[in-house]
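Asker: Combine the two chains into a complex, taking the hints into account.
Below are the chains, spelled out letter by letter.
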Amino acid sequence: MSAADLARLQFAATTGIHWLFVILTMGLVPIVAIMHTRAAFTRDPAKAAVRERMTRFWGQLYLINYTVGIATGIVMEFQFGLSWSGLSKFAGNVFGAPLALETLIAFFAESTFLGMWIFGWGRLRRGVHVTLIWLVALTAYASAYWILVANGFMQQPVGYQVRDGAAYLTDFAALVTNPSALIALAHVTLAALTTGGVFVAGVSAYHFARDAKETDLFRGSLRLGVWVAMLASFFVIIVGDMQFPLLRRTQPMKIAAMDDSGVAQVQAQLLQQYGPGDYTLPGEWLRVSMDAMTIIGNTISTITLIAVILLWKDWLVRWRPLAWLMTAMIPFPFIASVGGWVFREVGRQPWLVYGELTVADALSHVSTAALAISCATFIAIFVALAVTNWTLITRLARRGPDATQLGALQPLAEDKQTVPAF
Amino acid sequence: MQTFWLALLGLLLSGYFVLGGYDLGVQLLHSFMKDRDAALGAMAPFFLGNEVWLVAFTGVLFGAFPHLEGSLLSGLYPLVVAILVGLVVGNTAVQLRRRTRRGRRWWQALIVAGGTLPAVCWGLVVGLLLHGVPRLADGSFHIGAGQVLTPFVLACGVSVALLFASHGAAFLALRSAPDLAVRARRAGTTLVGAAGAAAVLALVLTLLGVGASMTNPLTSAPLTGLLATALVAAWWSLSRGHRIRAFAATCCATVVPVLLVGAGQHPYVLATKAGAGLSVAEAAADGTTLQILTAFGVVLIPTILAYQAWSWWAFRARTASSYF
Ligand code: HEM
Chain B
55 MSAADLARLQ
65 FAATTGIHWL
75 FVILTMGLVP
85 IVAIMHTRAA
95 FTRDPAKAAV
105 RERMTRFWGQ
115 LYLINYTVGI
125 ATGIVMEFQF
135 GLSWSGLSKF
145 AGNVFGAPLA
155 LETLIAFFAE
165 STFLGMWIFG
175 WGRLRRGVHV
185 TLIWLVALTA
195 YASAYWILVA
205 NGFMQQPVGY
215 QVRDGAAYLT
225 DFAALVTNPS
235 ALIALAHVTL
245 AALTTGGVFV
255 AGVSAYHFAR
265 DAKETDLFRG
275 SLRLGVWVAM
285 LASFFVIIVG
295 DMQFPLLRRT
305 QPMKIAAMDD
315 SGVAQVQAQL
325 LQQYGPGDYT
335 LPGEWLRVSM
345 DAMTIIGNTI
355 STITLIAVIL
365 LWKDWLVRWR
375 PLAWLMTAMI
385 PFPFIASVGG
395 WVFREVGRQP
405 WLVYGELTVA
415 DALSHVSTAA
425 LAISCATFIA
435 IFVALAVTNW
445 TLITRLARRG
455 PDATQLGALQ
465 PLAEDKQTVP
475 AF
Chain C
8 MQTFWLALLG
18 LLLSGYFVLG
28 GYDLGVQLLH
38 SFMKDRDAAL
48 GAMAPFFLGN
58 EVWLVAFTGV
68 LFGAFPHLEG
78 SLLSGLYPLV
88 VAILVGLVVG
98 NTAVQLRRRT
108 RRGRRWWQAL
118 IVAGGTLPAV
128 CWGLVVGLLL
138 HGVPRLADGS
148 FHIGAGQVLT
158 PFVLACGVSV
168 ALLFASHGAA
178 FLALRSAPDL
188 AVRARRAGTT
198 LVGAAGAAAV
208 LALVLTLLGV
218 GASMTNPLTS
228 APLTGLLATA
238 LVAAWWSLSR
248 GHRIRAFAAT
258 CCATVVPVLL
268 VGAGQHPYVL
278 ATKAGAGLSV
288 AEAAADGTTL
298 QILTAFGVVL
308 IPTILAYQAW
318 SWWAFRARTA
328 SSYF
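Line by line, the protein sequences give chains B and C. Everything in the first sequence is counted per our numbering, starting at 55 for the first residue and increasing by one. Everything in the second sequence is counted per our numbering, starting at 8 for the first residue and increasing by one.
The set of hints was computed from the structure by calculation and includes no laboratory data. The reader is advised that the hints may include incorrect statements.
Said to hold, decoys possible - Only part of the chain C face toward chain B is listed, based on derived beta-carbon distances under 10 angstroms:
id : residue
1  : Leu55
2  : Leu61
3  : Tyr84
4  : Leu103
5  : Ala228
6  : Gly232
7  : Ile311
8  : Tyr314
Stated by the list, open to error - Covered by chain B, per the in silico footprint, the following chain C stretches (three or more residues, Cβ under 8 angstroms):
id : stretch
9  : 39-53
10 : 74-82
11 : 86-99
12 : 105-117
13 : 287-297
All C-beta atoms, glycine included, are put in the ideal place defined by N, C-alpha and C.
Isolated chain C, as found in the complex (with noise of 0.2 angstroms):
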């Protein structure tokens, strides 16, 4: 049951990561782009429905492993709250712009930094739970400048923040009318390659023993190797002009950090390094409350899944929102 209840974690994550991920994507290409209503109409719809994944993941962790929640967000402090920071501003600024009649340059800055902030610090989280955490005797931990600012969790950084542009510049080459498609493809082959040289740094620090310190690292090979397959993908898809399938393999992109930290380190939830760490059973709440949250689980997953694919097929048609 809790490996249920963590594969539950993990999707909320990467649907988090897919969606609200193009959506901080977006916002960080806000300002390239020539139409900025439109590519910010092209996400839209989906706006409101991609944020709550994060939210549904908050509380599936408070609910299910709330031993990982108190620790994990204590301990990440800083970085927690920069997230939660650039996430208000970055909201509220999408969706209020239009409300004012002046103000637009104020708005899009705060649209800026409101995808770039948090989309770097989940960056640095990824790199954070990827090197381990130094957790002390009683469970909880601190992060200051010492761990953050190391090569390996910095090119972490770079890189998710790069993956999530490269992926809101997929978005739009798919869902944006036909000159602010072109521009997003030509941007978003450059940022796939950036992203790309970013992992590849992230990789080769690993390789020197100064980088990830994975549990699972049999695991995590092949999750590299998709990784590296996905933006290969994206960027021969993005320069040939193939939309979907370069939506499809950032999408798949995006993914892989998600897993990297569940997968390559499980039964790890919050490691300390290879093989050490906050392990899913400890980190699960009581066996009677798991039971009564799985029996609710079973009917909302799919009722969430149905609505949330309903509302994509219901906005699939190309078009620029007149609200946002």
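So that you can see chain B by itself, here it is in the shape it has in the complex (with noise of 0.2 angstroms):
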């Protein structure tokens, strides 16, 4: 493999499996918000206490989650500098503002929150823990706004002029109110809370098919989970769609070869705009990116639709195979949401920076032994992260609220007992 092969390897693999933690944490966040909320609100002790032990027990899953996201996000936030200098030279001026930003506004904010968030049970005043956590929820979302910025200026230029083969900033709310950022912000979130909705229902429901002894808790967390994945999936079929016009727009080539129709015209006109150069794509690659995106998003629109119905009397968990069906779908958002980034990003090419950086202009002088290594390494354990994040989650998830940890004030029993030692 030659190095670009090699760094693009780097970024495309690191960066896929950082989104599928990313998704997770997105998705959960806001419903283990919404959990707690309820919990502080709720008056009647005992069911205070269940909606308290819910909090505890999804928000657990939430922060195993959280752990392998950030320390692979510390990660991402150097790749640029690595292995793509050729960015930061041509597109540094521009680029690199919401990169900071995201990092001073949101990232710091998401972390100290957090910390706070996890250490203040039974230690911070009820509406200050609460708050807290709408203000993980809140720097969350702020977070993906300003990558998507970032990402949206890789995907459609705006605000800005060339000058001497580096661009200025010219126009910072063009920027930030690139049309590219704002829709994929809107699709993303509805992919996350899809996601996380599938996520608390699929667990909620195993554990009425295995007959769980805390009905309560996990009829709570059923109906929210339904609730949110039917909304969700619903809009980000919707808001799917609406990428189309600004794509036929912006990235002409991406839809005439997904649809293959019109490529050599189209690759006439880029030709004509941009001066020689290959402009096609591969049309199966994004053909299979988006059939998983809409196949995915109808059936579990459908599905969720058909399960709101099915809450009335708990018929949805009642008969078992329904309630499995619930649990299978767990999967499937995160297939759906890399098959968008796959799309988005392999439509891309062959730019870094639509119509004025290419991808092979940008990669930095590093040697080919070290990039394969560095490679190799990065997705080693990025994909081990993956399977102990993935274990540990699948644990707890089927061990119930019992084994939750999170906010308990002492170590638990049984912890003592399998650690003599310490």
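Answerer: Structure below.
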């Protein structure tokens, strides 16, 4: 493989895996925040206790996932400088600003507040504690916004001017209202909520299928999960469709290659616009990834719509196969969202910044050997993290709220027994 | 305005060295502490808030100094990758250790490795930046074994790692229950001495002309003096049991490497040798970009400092966590 291939593989694989963590984080945090709010404002002590247990259980699942998300996120922040220094040379004046603002506005606050939320159980006033998790949710989405502003600039550069081979920021307002970023933010938000909702519904349904002891807790979560998934998956389709008109205008080859119609015509038009080069795209990749989204999106939307009706009198989980179906749905939103990114980023080629800088030109002068080693190392670590994450999540999800450690003021008794040496 | 952003960049990196520094230090010491849960528990409430200083540093580096970011990170490629690998592994291990019932030994090894690797590599990076990097005509550079495996750079690596370790010990002495605090204090006293010895070696190498090549010797000398004073103060306070003073002293000591790179080489942010290299002006983003960032910065920086301070205050009591 050439240095360019290795750098691309490293970026695609690490970003892709990072995204799998991020989408669940984004999907779960509002749900946990809703649960916590309800727990905090419930008068009836018995009900409040169930809701608090609910919050701690889903909160811990969210935290396991957040841990790997943030650890891989640190790597992401360095990736551009490591392998793509051509990007900072050409677009540093424009592209760096959203990333800097993301860290200062969102990342910083999200982590600090989350640390306080984790250790705030029984230590902070209830109102303050609940506010913290909402701040975490808010800043998580603020983070997504700024990252998509940066990504939107790569898809459809706006608000800049090129002088002497470098881009200069001329219109900050245009940069931060880039339609390519805003629509993607809406679509990604809904995709994340679909993922979170399906996850919560699926895990709750699993416990019903296995004759849950904590019916109250899981009934509450099931309802919330199914409703969130139903609403979000309905709108994710609508917003997904809204992206096509924009793409026809800004990235015509993406659509032409996907539909396999008029490719030669678009190629001729792009040759005229950008000079010699091969602007065709692998249509098969685009079709498969788009199909993944549309088929999964429509299926989930249909199933969750029926599921909302069947929530009445717990019909949804009374018949086991139906409950298992809810559980079996968990992986699919992840697959759809990977499809979404493959479509968006494969369809951007050969550009790194559309129409201005090609991927090949942005590559750092790093030796192929160094890239091969780092690529293998990062992929190995990220895969190991993904495996660890999903093993731990599955285990806790199956064991249920009894195994929750979050918010427990004393280490659990079983913990002590199993580690006598400490 | 460039100076403002350079100062901010320095603040963020200093913040990371002080706060992330004791995280790394506690991780380094993890296997030597008898009550390991308590050792990690002492830093747990701050752990997530500490790491972000590094992320913010990188964000601001990209936003305000894009031309430094590209060549610095790709030039130091192997070291940056090693730091990242260490941080990812260490972060995950610290937080997920108690999520499994078995495999504690593995987590432990990962926690220590995840503290040691970044700590040493940060030291090597400091060493390289003080010594100067071999920039090519197009502004890029590559470091290889030849640049890293020099006595001076290695001495810096060891001394920064020991500095973080003693800082971690001072933190534990301040924050944990009496038993652990006493152990940490003893370990800290030894470690401060060792860090001092390694720093003296680096200084001697510099005086012999095979070490740091400073653009501003007149600024660097008092900074070196500050490091020496801080180390002596830390040693003295630790052995006398003045926990707060000891921690304050190690905080000062961990900031000095950042100040040396920043102020000692000013106006160069990436020196090739004394008085040459990539200057602040060449590295900074365009004026318009900086202006916009500044508008955000004046609001954001005080806000960040305020909520970080709030989190330190809210968790000031000496307690062990029950989650990490
Ligand atoms: C009928 C349903 C859907 C349609 C028509 C649709 C359409 C699209 C389109 C056109 C893009 C590419 C935008 C670009 O290239 O700039 C995209 C991207 C994406 N899609 Fe979908 N999508 C659908 C369902 C889903 C579902 C169910 C998920 C995940 C749960 C999802 C997740 C994503 C993600 C993460 C991206 C990348 C970011 C973005 O461009 O928004 N999509 N989708």
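Asker: Does each hint fit the structure? Answer for all of them.
Answerer: Going down the list of hints, with the structure as the test:
{"no.": "1", "hint": "Leu55", "result": "holds, 4 angstroms"}
{"no.": "2", "hint": "Leu61", "result": "holds, 7 angstroms"}
{"no.": "3", "hint": "Tyr84", "result": "holds, 5 angstroms"}
{"no.": "4", "hint": "Leu103", "result": "holds, 6 angstroms"}
{"no.": "5", "hint": "Ala228", "result": "violated, 32 angstroms"}
{"no.": "6", "hint": "Gly232", "result": "violated, 33 angstroms"}
{"no.": "7", "hint": "Ile311", "result": "holds, 5 angstroms"}
{"no.": "8", "hint": "Tyr314", "result": "holds, 6 angstroms"}
{"no.": "9", "hint": "39-53", "result": "holds (count 6)"}
{"no.": "10", "hint": "74-82", "result": "holds (count 7)"}
{"no.": "11", "hint": "86-99", "result": "holds (count 9)"}
{"no.": "12", "hint": "105-117", "result": "holds (count 6)"}
{"no.": "13", "hint": "287-297", "result": "holds (count 4)"}
The earlier numbered hints that this structure contradicts are 5, 6.
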